[in-house]
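Number of protein chains: 2
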Amino acid sequence: MIKLHHLEQSRSLRILWLLEELGLDYSVETYSRDPQTLRAPAQMGQTLPMAKSPIIEDDGQCIVESGAIIEYLTQIKAGGRLAHGPDSPHFAEYQQWMHFVEGSMMPPLVYDLISAATGTDNEGLTGFIQGEADTAFAHAEQRLARHDYLVADAFSAADVNISFALEFGEARGRLGGYPALQAYLARLQDRPAYKAARAKGGNYDLSIFGAGVADR
Amino acid sequence: MIKLHHLEQSRSLRILWLLEELGLDYSVETYSRDPQTLRAPAQMGQTLPMAKSPIIEDDGQCIVESGAIIEYLTQIKAGGRLAHGPDSPHFAEYQQWMHFVEGSMMPPLVYDLISAATGTDNEGLTGFIQGEADTAFAHAEQRLARHDYLVADAFSAADVNISFALEFGEARGRLGGYPALQAYLARLQDRPAYKAARAKGGNYDLSIFGAGVADR
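Going down the list, the sequences are from chains B and V. Those letters in the first sequence? Residues 1 to 216, per this note's numbering, in order. Those letters in the second sequence? Residues 1 to 216, per this note's numbering, in order.
Source of the hints: derived by calculation from the structure; they are not laboratory data. Check before you lean on any hint, since a few could be wrong.
Covered by chain B, per the in silico footprint, the following chain V stretches (three or more residues, Cβ under 8 angstroms) [stated by the list, open to error]:
1. 13 to 26
2. 86 to 94
Just a few of them, taken from the derived set where beta-carbon distance is under 10 angstroms, the chain V residues facing chain B [as the list claims (entries may be wrong)]:
3. Gln9
4. Ser66
5. Gly67
If you want the ones that stay clear, here's a sample from chain V, every Cβ over 12 angstroms from chain B, calculated [unchecked claim]:
6. Thr30
7. Gly45
8. Thr47
9. Pro49
10. Cys62
11. Pro107
12. Ala171
13. Pro192
14. Ala196
Computed from a predicted model, the values in this text were never measured in an experiment. We treat Cβ as the ideally placed atom computed from N, Cα and C, and that holds for glycine.
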């Protein structure tokens, strides 16, 4: 059976959500963030790769990286449901959104968080972060202003994957200028499987990460 | 025919390299970095999504994100060569390394660069960057100390994908403690297709990005 190593208030919520959407059998081990550093607890690193969540164990192997876990669950465990494999005409589009989330959207949000947490912001850095975040959010907004979902006008695991970046962006005060993204996020959060994941996932209050540098 | 929008001294080199490895027909439009900001020139954003390289155009569509472009080229244009699709027993492992590169390895290197460029380093930030970089590099080192390639003991597009992060890490003085990664990178750079890409790709001197915060 699939085992999810789940960190509260983290990227891992989307894996819990996907497991619910796919109706797969799974167990969860939940970890709390270190209250001082807000990072994953050291114990995760003692037996697991990289002390980073999410991690799944299945069939004797550990798999890390949310994007890879999503590919594995949809393609290998659920026969391609909620995904677009190489035989789908939407494969390129799907891959693009899957890689966009951690490749373009999350990095400026994390720079912003770390910069604020370590007291290292200045005009140059804030401008860089703002520019990168705007580029990524505007790119997604453009798509969602004309479509209900990222790929092929149907809900897919790419929507699950981007959800955390939008929630994290919202907690950092970055969603104000993007009405289509706000409406889209509300649509995602209204899904029964999302609500079931939230009920099972422990704490999920991303406001612990505070507001962005630009808002201080 | 595939058209690559290629930015000199960038992540895009790996796409040029993959096109050479796969022997695909392609054309290249090369862009130079803005000499002041070292960023992609504004002209890229006038007609292309996000003014970020690499971007490929094929069959009337633009595809962004290196990982997605690699999936498209291998799976759709080259019948799965150098890749592991859902029917491969190495699919999960392959996906994991594909998502690891921009998900875990590049972010601390980019924080480090931007922090140095904007003069915003302090002990807290440097410690965070060092910790994140060590976690990612040690994870890859552990694999490469016992295997010649990332997946299934054979060269694949996952190796192409990670190459830029290693080269960028080397330019930022981060490869010193990782002998297996150094040997692996030299092995990759010795491939004829890599050399052909370097010959076609224009400037590729990553030392323009300077040394890391920890080394200043």
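Practice task
If any of the earlier hints don't hold here, list their numbers in rising order.
Solution key: Checked against the structure, the hints that fail are numbers 1, 3, 7, 9, 10 and 11, while the rest are satisfied.
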